[in-house]
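Chains S and B, in that order, give the protein sequences.
Residue numbers 61 to 231, in my numbering, belong to the letters of the first sequence in order.
Residue numbers 433 to 619, in my numbering, belong to the letters of the second sequence in order.
No lab work stands behind these hints: they were computed from the structure.
The C-beta atom is built at its ideal place from N, Cα and C for all residues, glycine as well.
A portion of the hints provided could be inaccurate.
Selected chain S positions facing chain B (Cβ under 8 Å, derived; list incomplete) [stated by the list, open to error]:
1. Ile68
2. Ser131
3. Phe172
Below, in silico cross-link-like pairs of lysine to any residue (SDA-like), each with a Cα-Cα straight-line distance of 25 Å or less [unchecked claim]:
4. B:Lys487 - S:His168
5. B:Lys518 - B:Ser539
6. S:Lys228 - B:Leu460
7. B:Lys494 - S:Lys228
8. B:Lys494 - S:Asp75
9. B:Lys487 - B:Ala477
10. S:Lys65 - B:Pro593
11. B:Lys494 - S:Leu213
12. S:Lys158 - B:Lys518
13. S:Lys171 - B:Pro455
14. S:Lys94 - B:Val483
15. S:Lys153 - B:Pro455
16. S:Lys174 - B:Pro593
17. S:Lys171 - B:Cys478
18. B:Lys487 - S:Glu163
19. B:Lys491 - S:Trp95
20. B:Lys494 - S:Thr92
21. B:Lys491 - S:Lys174
22. B:Lys487 - S:Ala207
23. S:Lys156 - B:Val483
24. B:Lys518 - S:Lys174
25. B:Lys487 - S:Lys153
26. B:Lys487 - S:Met66
27. B:Lys492 - S:Ala207
28. B:Lys487 - S:Phe172
29. B:Lys494 - S:Lys174
30. S:Lys228 - B:Cys478
31. B:Lys484 - S:Glu163
32. B:Lys518 - B:Val483
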Amino acid sequence: MIDDKMEIAKQMADDYELRSADAMCVNESRLTHKWYHDLKYVLVGIFFGITFIKAEIVSWFRIQEMFRLQSFHMYGVIGTAVVVGAISVWLIKRFKIKTIYGEPIEFHPKKFNKGQIYGGLLFGLGWAITGACPGPLFAQIGTGAAAISVTLLSAIAGTWVYGSFRDKLPH
Amino acid sequence: MIEFMKEPWPWYVAGTIIGLTVPILLILGNKTFGISANLRHICAACVPGNVKFFKYDWKKEKWNLLFVAGIIIGSAIAATLLADSKDVVVHPDLVRELAGYNITNLSNLVPSDIFSFSSLFTLRGSVLMIGGGFLVGFGTRYAGGCTSGHSIMGLSTLQWPSLVATISFMVGGFIMANLIMPVIMSL
């Protein structure tokens with residue numbers, strides 16, 4: 061009985077460790093909610109998707125202009141987002157703001173590894189080709205650019221290949 | 433109001449909304465903004481194979497897949513109900529460069545001259561669509577995040593590894609757009 065419990069705890073710890081690998085963070089909550097609580101993330105996504113399109117962030121042309129220094133637009137978007145994000149995070153820490161469920165908000169420090177350079181360069185090459193990071197790939201499909209689903213499938217394949225060769229790559 | 437919303441939104445409006453996504457997701461449920469992780473969750477859910485990297489409980493991250501579902505819905509709304517009939521304004525130097533690659537249709541967010549099902553059967557089109565997608569998927573996971581996870585969430589929380597990643601993204605992008613892309617486009 062005690063062995064069973066320890067086995068379950070060990071499995072949960074293993075799962076947590078695995079999910080943490082190469083991830084921004086793992087979102088662990090001890091609270092369990094009814095399924096419809098997750099619908100609020102759909103709503104945030106909808107506003108986010110509308111912004112993506114209306115501000116032309118998912119435009120292939122805007123990304124090309126960014127990498128040729130022909131337009132300030134994308135630098136303005138990312139710069140403003142970082143400033144607004146940083147002020148918000150500072151306020152959350154300063155006033156110890158909690159989640160709507162009363163849980164303390166947690167931040168997970170990111171460790172450096174060489175993948176951030178090698179992987180970052182490879183992603184940069186792909187970003188300039190597709191004019192899209194992962195979010196905009198989904199958004200482009202949403203606008204009816206059905207052919208981009210091929211690019212998305214290829215991106216999923218890329219992630220899968222990375223997962224398969226992860227242990228052999230320098231980190 | 434609707435007329436105003438139909439115009440292309442300025443960078444400071446878009447930047448503010450995207451920046452506010454960071455605290456909104458944190459306050460709604462301690463969620464860390466990051467979109468590329470979904471590519472991994474899709475692998476874990478659909479084709480984990482025998483790869484340890486994908487053998488985790490992806491259902492614990494389903495909020496993120498729902499967030500992306502929202503992005504698709506929101507994009508569809510913006511492209512239909514809030515659509516702007518005018519062409520995308522493109523920098524004249526870029527118009528000239530693209531014309532040299534036979535890319536002349538500038539009416540969509542994505543140039544249909546290179547990103548279409550028919551161009552998939554050309555060497556140039558397949559390199560761009562399949563090769564480009566592969567690099568995005570492989571590179572973001574290798575880097576541990578993409579523009580949202582590193583450049584926005586990571587920089588907002590003042591993490592220097594995310595600054596390293598962001599600089600690498602930009603260097604890769606500049607190399608591709610200015611040095612490699614002219615070669616691919618001539619295929």
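Next on the checklist: So, against the hints stated earlier in the document, which numbers end up violated here?
Outcome noted: Going through the list in order, the structure violates hints 1, 6, 7, 10, 12, 14, 17, 18, 21, 22, 23, 24, 25, 27, 29, 31 and 32 and respects the others.
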